[in-house]
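Okay, here's what each chain looks like letter by letter:
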Amino acid sequence: SSSDSSSQVKPETDRKQPGYETLVVTSEDSITKIMMNRPAKKNALTIQMYREIMLALEAASKDDSTIIVLTGNGDYYSSGNDLMNFMNTPPGEMEKEAKNGAILLRDFVGCFIDFPKPLVAVINGPAVGISVTILGLFDLVYASDRATFHTPFTHLGQSPEGCSSYTFPKIMGQAKAAEMLMFGKKLTAREACAQGLVTEVFPDSTFQKEVWTRLKAYSKLPRNALHISKQSIRNLEKEKLHAVNAEENSVLQERWLSDECMNAVMSFFSRKAKL
Amino acid sequence: SSSDSSSQVKPETDRKQPGYETLVVTSEDSITKIMMNRPAKKNALTIQMYREIMLALEAASKDDSTIIVLTGNGDYYSSGNDLMNFMNTPPGEMEKEAKNGAILLRDFVGCFIDFPKPLVAVINGPAVGISVTILGLFDLVYASDRATFHTPFTHLGQSPEGCSSYTFPKIMGQAKAAEMLMFGKKLTAREACAQGLVTEVFPDSTFQKEVWTRLKAYSKLPRNALHISKQSIRNLEKEKLHAVNAEENSVLQERWLSDECMNAVMSFFSRKAKL
Amino acid sequence: SSSDSSSQVKPETDRKQPGYETLVVTSEDSITKIMMNRPAKKNALTIQMYREIMLALEAASKDDSTIIVLTGNGDYYSSGNDLMNFMNTPPGEMEKEAKNGAILLRDFVGCFIDFPKPLVAVINGPAVGISVTILGLFDLVYASDRATFHTPFTHLGQSPEGCSSYTFPKIMGQAKAAEMLMFGKKLTAREACAQGLVTEVFPDSTFQKEVWTRLKAYSKLPRNALHISKQSIRNLEKEKLHAVNAEENSVLQERWLSDECMNAVMSFFSRKAKL
Numbered sequence: 004s005s006s007d008s009s010s011q012v013k014p015e016t017d018r019k020q021p022g023y024e025t026l027v028v029t030s031e032d033s034i035t036k037i038m039m040n041r042p043a044k045k046n047a048l049t050i051q052m053y054r055e056i057m058l059a060l061e062a063a064s065k066d067d068s069t070i071i072v073l074t075g076n077g078d079y080y081s082s083g084n085d086l087m088n089f090m091n092t093p094p095g096e097m098e099k100e101a102k103n104g105a106i107l108l109r110d111f112v113g114c115f116i117d118f119p120k121p122l123v124a125v126i127n128g129p130a131v132g133i134s135v136t137i138l139g140l141f142d143l144v145y146a147s148d149r150a151t152f153h154t155p156f157t158h159l160g161q162s163p164e165g166c167s168s169y170t171f172p173k174i175m176g177q178a179k180a181a182e183m184l185m186f187g188k189k190l191t192a193r194e195a196c197a198q199g200l201v202t203e204v205f206p207d208s209t210f211q212k213e214v215w216t217r218l219k220a221y222s223k224l225p226r227n228a229l230h231i232s233k234q235s236i237r238n239l240e241k242e243k244l245h246a247v248n249a250e251e252n253s254v255l256q257e258r259w260l261s262d263e264c265m266n267a268v269m270s271f272f273s274r275k276a277k278l
Numbered sequence: 004s005s006s007d008s009s010s011q012v013k014p015e016t017d018r019k020q021p022g023y024e025t026l027v028v029t030s031e032d033s034i035t036k037i038m039m040n041r042p043a044k045k046n047a048l049t050i051q052m053y054r055e056i057m058l059a060l061e062a063a064s065k066d067d068s069t070i071i072v073l074t075g076n077g078d079y080y081s082s083g084n085d086l087m088n089f090m091n092t093p094p095g096e097m098e099k100e101a102k103n104g105a106i107l108l109r110d111f112v113g114c115f116i117d118f119p120k121p122l123v124a125v126i127n128g129p130a131v132g133i134s135v136t137i138l139g140l141f142d143l144v145y146a147s148d149r150a151t152f153h154t155p156f157t158h159l160g161q162s163p164e165g166c167s168s169y170t171f172p173k174i175m176g177q178a179k180a181a182e183m184l185m186f187g188k189k190l191t192a193r194e195a196c197a198q199g200l201v202t203e204v205f206p207d208s209t210f211q212k213e214v215w216t217r218l219k220a221y222s223k224l225p226r227n228a229l230h231i232s233k234q235s236i237r238n239l240e241k242e243k244l245h246a247v248n249a250e251e252n253s254v255l256q257e258r259w260l261s262d263e264c265m266n267a268v269m270s271f272f273s274r275k276a277k278l
Numbered sequence: 004s005s006s007d008s009s010s011q012v013k014p015e016t017d018r019k020q021p022g023y024e025t026l027v028v029t030s031e032d033s034i035t036k037i038m039m040n041r042p043a044k045k046n047a048l049t050i051q052m053y054r055e056i057m058l059a060l061e062a063a064s065k066d067d068s069t070i071i072v073l074t075g076n077g078d079y080y081s082s083g084n085d086l087m088n089f090m091n092t093p094p095g096e097m098e099k100e101a102k103n104g105a106i107l108l109r110d111f112v113g114c115f116i117d118f119p120k121p122l123v124a125v126i127n128g129p130a131v132g133i134s135v136t137i138l139g140l141f142d143l144v145y146a147s148d149r150a151t152f153h154t155p156f157t158h159l160g161q162s163p164e165g166c167s168s169y170t171f172p173k174i175m176g177q178a179k180a181a182e183m184l185m186f187g188k189k190l191t192a193r194e195a196c197a198q199g200l201v202t203e204v205f206p207d208s209t210f211q212k213e214v215w216t217r218l219k220a221y222s223k224l225p226r227n228a229l230h231i232s233k234q235s236i237r238n239l240e241k242e243k244l245h246a247v248n249a250e251e252n253s254v255l256q257e258r259w260l261s262d263e264c265m266n267a268v269m270s271f272f273s274r275k276a277k278l
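As given, the protein sequences belong to chains A, B and C, one line each in that order. So the first sequence is residues 4 to 278, counted in our numbering. So the second sequence is residues 4 to 278, counted in our numbering. So the third sequence is residues 4 to 278, counted in our numbering.
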């Protein structure tokens with residue numbers, strides 16, 4: 004179901020790292036690429052996928068790569084948190100599951116906060132929810148002009164995560180950030196670029212070619228200088244980011260147990276079932 | 004004296020809240036609208052008006068509204084602090100009045116810092132001084148293309164307030180903020196939008212219609228999620244904002260007693276008298 | 004070697020302050036202008052030049068000027084740190100020299116952090132390295148459309164200074180800042196303006212005339228109000244800026260002694276020698 008232009012070239016078997024079910028992880032040219040690989044589900048993030056991305060980041064932080072890329076296979080970058088994560092819980096287990104979910108999400112975001120090498124998001128198509136909010140923790144964000152950026156938290160009775168309650172107002176000012184984070188406005192790639200969330204937008208037809216040509220050139224830069232520069236910049240706010248992350252997930256944990264959230268998620272599935 | 008397009012529809016008597024002389028406060032569709040209502044004086048802020056806005060915000064924080072709007076009646080949004088506030092003080096009372104003025108201003112700005120619900124500025128025309136500087140404390144700022152944004156503090160021997168010495172450099176960077184706050188450059192609505200102070204600009208002819216249509220849609224969003232999201236974002240810098248507010252008003256209190264300021268204000272009135 | 008349009012008018016002898024070898028410092032119309040004056044070397048910053056700029060800033064902070072301008076003579080604004088600074092050290096003295104270099108740079112940047120009056124950069128041509136990174140410490144940055152902005156630290160095995168690891172992400176967001184600071188992307192004047200690093204861009208043919216007309220008008224503003232406003236804004240982050248400055252130079256001191264940096268600088272000179 005993917006268009007010719009944005010779809011990823013199938014990685015050679017010998018470069019593909021084993022052990023991942025929801026990702027394809029490859030290393031080449033000093034670049035480790037983590038590709039979310041549930042294209043039929045628009046790369047919605049399941050609990051397994053959160054865990055595998057954390058494992059892949061942990062491994063990439065120690066391999067000999069210079070740059071790490073996160074991207075999606077198929078038409079979507081990622082449709083965000085898989086709402087089925089909410090649906091499999093027996094009523095008596097809700098509080099426990101909300102707590103576990105908040106811990107998982109906090110640890111997931113924490114991996115991006117602490118990641119020691121340049122992080123590049125290659126946004127091949129629409130991005131939703133947490134796949135958008137963590138972009139403030141990346142160093143470069145390249146987007147196809149087919150990409151969109153959407154964080155409909157309020158519509159689902161929820162609240163911002165991924166440190167976006169801190170990074171988005173810092174990047175674009177509250178007057179722009181609130182329309183995304185509080186009122187769920189969907190941005191085009193060009194709008195997201197004008198507001199500083201995206202580094203550069205490329206035509207979808209040449210997106211993969213242009214981005215990877217550039218990244219290969221960047222990956223030849225002096226490796227230590229690059230890593231130390233990234234760490235110097237990020238260290239200045241690492242403590243703040245971890246505090247924001249903890250607070251956001253504490254608020255979310257309560258949100259998940261609220262009637263408002265449960266009704267909104269139920270309503271989402273009932274609308275979807277009618278389509 | 005108001006143009007057809009930007010003027011407000013007269014609120015129905017039965018929706019209008021009693022008890023305000025300088026404002027018209029109405030509630031409808033889960034939106035409480037606070038309209039500054041001294042159109043013949045370009046909605047310049049008198050001491051009474053500061054106090055009434057604080058009372059209206061206090062009431063709105065507790066009513067059943069989801070969103071709160073501040074706007075102006077007539078051609079202007081607001082021409083800022085009414086300089087007549089400076090003119091009614093007997094010479095022996097100057098220090099006391101400066102102190103009282105600084106306390107009033109600090110409390111006024113504090114109400115915006117602490118406000119727990121989404122705050123929307125509907126900028127129907129030119130905005131000056133403190134009506135501009137507090138925009139960094141709003142969540143959405145919608146502007147008619149007839150609006151302008153002007154903070155001529157230095158020209159009047161004064162210094163920035165409304166937390167703008169913190170919010171403006173954060174929103175637009177010092178190279179843009181200093182031209183406004185230190186050198187009094189007046190921005191068009193489009194410039195203010197490009198620099199992140201304004202969420203979106205609308206043609207004046209359709210401004211009221213487009214903005215209220217959007218706000219009515221937003222006001223139907225899950226109310227608690229919206230309020231909690233706003234509070235999560237704002238709580239991250241509330242302490243800093245109160246400290247900035249206190250410092251700004253302490254500096255202003257001294258400025259008001261300086262010869263430079265008194266001469267600049269006198270000169271303003273003498274120029275005005277000659278027109 | 005300078006174009007007609009961007010070159011500076013030769014200052015009158017009687018306005019020129021004596022005692023500088025690498026600068027021309029003049030005062031007129033309440034503006035003190037510090038002009039870097041090594042046009043044949045593209046105003047590359049030697050150790051002497053760092054020291055003279057610090058002395059000129061110290062003097063300007065106490066003279067009767069309202070505004071201080073930093074600009075360059077000739078085609079370039081400044082090509083940044085003179086890499087010859089690295090080449091004159093006997094092998095046994097490297098650690099000592101790296102330490103001295105870091106102290107000099109820290110003190111140089113500290114002068115900009117603490118400077119009490121409005122600082123204006125008049126960017127007459129290409130700007131490189133530290134002449135770019137300290138722009139986040141200025142209040143206004145006016146650029147000719149011939150100017151470019153380039154910080155190729157990583158290419159030289161080095162890391163950001165001038166507080167840019169703090170100011171650049173604040174001004175433009177990490178997605179834009181990282182491409183400059185980590186990957187050495189060169190910006191045009193218009194790009195730098197869109198991202199908030201530059202206040203305004205002017206056609207090169209009218210640059211000097213338009214900028215100086217504006218600055219002369221600004222220099223007539225109430226002087227104390229202007230200085231106090233600047234200090235109020237900058238005081239909010241002065242402590243943070245000094246901490247960032249200390250940390251950046253500590254990292255740089257180690258970088259300068261790394262093989263990666265030495266090889267990159269050697270390679271720079273060997274490429275240059277072949278031209």
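Be a bit skeptical, because a hint or two may be false.
Each pair may be met inside one copy or between any two copies, as identical chains are not told apart.
[What the hints assert, rightly or not] Pairs of lysine to aspartate or glutamate, DMTMM-like flavour, derived with a Cα cap of 20 Å:
(1) Lys189 - Glu203
(2) Lys19 - Asp66
(3) Lys223 - Asp262
(4) Lys188 - Glu213
(5) Lys188 - Glu98
(6) Lys223 - Asp110
(7) Lys44 - Glu61
(8) Lys189 - Glu213
(9) Lys223 - Glu263
(10) Lys212 - Asp148
(11) Lys241 - Asp117
(12) Lys223 - Asp78
(13) Lys243 - Glu100
(14) Lys44 - Glu100
(15) Lys99 - Glu24
(16) Lys243 - Asp110
(17) Lys275 - Glu213
(18) Lys243 - Asp78
(19) Lys219 - Glu240
(20) Lys219 - Asp66
(21) Lys223 - Glu98
No lab work stands behind these hints: they were computed from the structure.
Hints versus structure:
1. Lys189 - Glu203: Cα proximity of Lys189 and Glu203: in one copy and across copies (18 Å, 14 Å).
2. Lys19 - Asp66: Classified as within: same-chain Cα gap 14 Å, cross-chain 59 Å, threshold 20 Å.
3. Lys223 - Asp262: between (52 Å within a copy, 16 Å between copies)
4. Lys188 - Glu213: This pair counts as between: shortest inter-copy Cα distance 15 Å, intra-copy 29 Å.
5. Lys188 - Glu98: Result: close neither inside a copy nor across copies, 30 Å intra and 49 Å inter.
6. Lys223 - Asp110: Neither. Shortest intra-copy (31 Å) and inter-copy (33 Å) distances fail the 20 Å Cα cut-off.
7. Lys44 - Glu61: neither (25 Å within a copy, 47 Å between copies)
8. Lys189 - Glu213: Classified as between; 18 Å across copies, 25 Å inside a copy.
9. Lys223 - Glu263: between (50 Å within a copy, 13 Å between copies)
10. Lys212 - Asp148: For Lys212 and Asp148, the Cα distance is within 20 Å only inside one copy (14 Å; across copies 31 Å).
11. Lys241 - Asp117: within (7 Å within a copy, 26 Å between copies)
12. Lys223 - Asp78: neither (30 Å within a copy, 31 Å between copies)
13. Lys243 - Glu100: neither (27 Å within a copy, 35 Å between copies)
14. Lys44 - Glu100: neither (23 Å within a copy, 58 Å between copies)
15. Lys99 - Glu24: Intra 26 Å, inter 54 Å, cutoff 20 Å: neither.
16. Lys243 - Asp110: Answer is within; shortest intra-copy Cα gap is 15 Å, inter-copy 28 Å.
17. Lys275 - Glu213: neither (36 Å within a copy, 29 Å between copies)
18. Lys243 - Asp78: Answer is neither; intra-copy 35 Å and inter-copy 43 Å both fail.
19. Lys219 - Glu240: neither (29 Å within a copy, 38 Å between copies)
20. Lys219 - Asp66: within (17 Å within a copy, 52 Å between copies)
21. Lys223 - Glu98: This pair counts as neither: shortest intra-copy Cα distance 49 Å, inter-copy 28 Å.
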